[in-house]
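Undergrad: The listed protein sequences derive, respectively, from chains G and E. Under my numbering, the first residue of the first sequence carries the number 1, and numbering increases by one thereafter. Under my numbering, the first residue of the second sequence carries the number 1001, and numbering increases by one thereafter.
The hints are simulated quantities; they were obtained by calculation from the structure and are not laboratory data. For each residue, glycine too, the CB sits at the ideal point set by N, CA and C. Heads up, some of the hints might be wrong.
Think about it this way: if two alpha-carbon atoms lie no more than 27 Å apart in a straight line, the pair counts; the simulated BS3-like pairs of lysine-lysine are [what the hints assert, rightly or not]: (1) G:K168 / G:K106; (2) G:K137 / E:K1090; (3) G:K106 / G:K137; (4) G:K137 / G:K168; (5) G:K226 / G:K4; (6) E:K1093 / G:K137.
Coverage of chain E stretches by chain G, computed from C-beta distances (three or more under 8 Å per stretch; other residues unrestricted) [as the list claims (entries may be wrong)]: (7) 1040-1050; (8) 1158-1166; (9) 1178-1192; (10) 1206-1219.
The following label-pair restraints were derived from C-beta to C-beta distances [what the hints assert, rightly or not]: (11) E:G1249 / G:R65: 51 to 57 Å; (12) E:G1178 / G:L92: 37 to 43 Å; (13) E:P1232 / G:D15: 53 to 59 Å; (14) E:G1178 / G:Y37: 58 to 64 Å; (15) G:E42 / E:L1318: 50 to 56 Å; (16) E:G1356 / G:C200: 46 to 52 Å; (17) E:M1160 / G:Q202: 38 to 44 Å; (18) E:D1264 / G:D158: 49 to 55 Å; (19) E:A1354 / G:L92: 41 to 47 Å; (20) E:P1232 / G:S53: 49 to 55 Å.
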Amino acid sequence: MMLKLGVPSKGRLMDKTFAWFATHGLTLQRTGADREYAGSVEGVDGVELVLLSASEIPRELAAGRIHLGVTGSDLVRETLADWQAQVAELALMGFGHADLVVAVPKAWVDVETLDDLDAVAAAFRARHGFRLRIATKYHRLVREYLRAHGVADYQLVDSQGATEGTIKNLTAEAIADITSTGETLTANHLKILRDAPVHCSQATLFASRAADWRGVAETRARLFGKLGLGDVPGLE
Amino acid sequence: MNAAETLAQNLLAQMQDAGAQVVTADILQPAETLLDLYGEDIRARAYVTHDPALGEMMLRPDFTVPVVQAHMKGGAEPARYCYAGPVFRKQVKGRAREYLQVGYELFARDNPNHADAEVFARFAQLLSGYDLRPVTGDIGILKAAVAGLDTSARRKAALMRHIWRPNRFRALLERMGGQGPLAAPRADLLRALRATPAADLTEQAGPVVGLRSVGEIAERIAALLDDADTPPLPAAQIAAVEAVLNLSGSARDVARSLRMQGWDALAPALDRLEGRLDALEDAGIDTATLPFEANFGRTTMEYYDGFVFGFIADRADLPPVATGGRYDAMTAVLGQGRAIPAVGGVIRPDSLIALGGRA
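Turn these sequences into a full structure, and let the hints steer you where they fit.
TA: This is the structure we're talking about:
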């Protein structure tokens, strides 16, 4: 039986993942034709490379169809309920940094914190007759965050892309989105609230708690040795 | 029928014998009503689905809303309703996602203390065969404490809005006293707002995008500056509110110690509490030993605004076996202006079975 390692199938995230494994003496590469999603691992026997969309890796880990997976910590927390019961966080990989933040129009000079946003939400609902809309694709993370901070009278509206534009298009009053430099926010006349971000995400190596680890014990020991990982309880 | 279903029908029959009328409710409920009432948090707890014609729908997370709506369409007054059926709640861990509720609701304009006592005594009687700890509380006392603070109407309204969010309530209370983690950012903001006229600030900040207008921004700035001139909430008053929140003991003892605080603003709410205790006593409940926790019902039961109660098993794996309370304000929201004082509660027959109950 092969130990399956799921990694992002394209772009910078894939390149940096390959580079991270290279520093640990493992050569990951794509094989076959240019557009074919096939790959190989050299440096340790018994590991199969599975190239996947980063957004599908949490689900594959939860299902146990891959043993290990590299994806953003935000995606795991957003996609998986009670994520710590489903996956173990093995290593923060030090790239793919992005913060999930709440942003409002810069013209809202009266709003700097969630405390202000909450007060504005109450006034907005009284004035407009509906709850203040926050556009995001990170529903679980944002809802938990706003709940923890006691923000009320808002609603989440789904936005799967170009989220910064929803305010100008009058489909939302505020947004919660991933940003690394803040440039897109600035270009759309938005500012980030002063509170701590909803989540500080980075590329992370996860292990599936649902995968069958019994048949890959030796490969696992060799691979974890190379990666400098200690014993991880609960992987069976 | 399984054991819990049989037990549910048995409880329902007893409620009918006591004069309640059986009502039914659709399992699929319009999501919008529930979202407007409970806020976005309900999405984390209720199953939302989509109907091509009707839009977002929810699998009934409780019966209260449909029962109130049915009553508002022309129920008699006073009215007693009972119902039994499954409700659906998302769970992260092992608890049941689909479970039975049997409920009893009383809609009556006159003598609310008597109505509170009738409902509590009904539940106490239905559950008398089980080893359960009753607990009571009164959100009305907390509301009276907030209303009785020496501060602006705006601050009281802000606190009232967050009575059901204890952490936020405390943070707000601290900020109004000039303390706590929210105080420093607010002071920074005020400095900036004072330094430059509102119109210039928004102008400098950039184009106004979105639905919230310059007028609304200016209004809030005026409110913030006005609030800054309101004197800080005195530490003694913050301490008094906290003292009210921390009270627990037998209901009569709690009522006595609240009286001893000598806080005039609490008097009407305390009259209600004592009147209710008298009514409970008349209904055969020993109020000298009845537990009262001022904080009870603040986190889990956001629409209750007066008397609250629960019956709790001494088992960490079981949610409260029964919960209930008064929800006058909710009927006003759902009735769009028309309101009817209402009090009621639900029993979880599955928990009774887990405790060894039989139909």
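Undergrad: For each hint, tell me whether it holds in the structure or not.
TA: Status of the hints after comparison with the structure:
Between K168 of chain G and K106 of chain G the alpha-carbon distance is near 12 Å, which keeps this suggested pair within the 27 Å criterion. With a CA separation close to 20 Å, the supplied pair K137 of chain G and K1090 of chain E stays within the 27 Å bound. Of the supplied pair hints, the one linking K106 of chain G and K137 of chain G holds, its CA atoms being roughly 22 Å apart against a limit of 27 Å. For the suggested pair K137 of chain G and K168 of chain G, the alpha carbons sit about 18 Å apart, so the restraint of at most 27 Å is met.
Taking the CA atoms of K226 of chain G and K4 of chain G, the gap is about 16 Å. The hint holds against a cut of 27 Å. For a cut-off of 27 Å, the pair hint linking K1093 of chain E to K137 of chain G stands: about 24 Å separates their Cα positions. Using a Cβ-Cβ cut-off of 8 Å, 4 residues of the region 1040-1050 of chain E lie near chain G, which meets the minimum of three, so the contact claim holds. As drawn, the region 1158-1166 of chain E meets chain G at 4 residues by the rule of a beta-carbon pair under 8 Å; at three or more, the given contact holds.
Counting residues of the region 1178-1192 of chain E whose beta carbon lies closer than 8 Å to any beta carbon of chain G gives 6, which reaches the threshold of three, so the coverage claim holds. For the region 1206-1219 of chain E, the proposed coverage by chain G is satisfied: 11 residues have a C-beta within less than 8 Å of a C-beta in that chain, meeting the threshold of three. At about 56 Å, the beta-carbon gap between G1249 of chain E and R65 of chain G stays in the expected band of 51 to 57 Å. Roughly 40 Å separates the CB atoms of G1178 of chain E and L92 of chain G, a value that falls within the hinted 37 to 43 Å.
The hinted window of 53 to 59 Å between P1232 of chain E and D15 of chain G holds, with their beta carbons roughly 56 Å apart. For the hinted restraint 58 to 64 Å between G1178 of chain E and Y37 of chain G, the CB-CB distance of approximately 60 Å keeps it satisfied. In this structure, E42 of chain G and L1318 of chain E meet the distance hint of 50 to 56 Å, their C-beta atoms being roughly 55 Å apart. Restraint check, G1356 of chain E to C200 of chain G: a C-beta distance of roughly 49 Å satisfies the suggested window 46 to 52 Å.
Checked against the hint of 38 to 44 Å, the pair M1160 of chain E and Q202 of chain G passes, with Cβ atoms roughly 41 Å apart. A C-beta distance of roughly 50 Å is found between D1264 of chain E and D158 of chain G, which places it inside the suggested range of 49 to 55 Å. Checked against the hint of 41 to 47 Å, the C-beta distance between A1354 of chain E and L92 of chain G comes to roughly 42 Å, which is consistent with it. Evaluation of the 49 to 55 Å hint for P1232 of chain E and S53 of chain G yields a pass: the beta carbon distance comes to about 54 Å.
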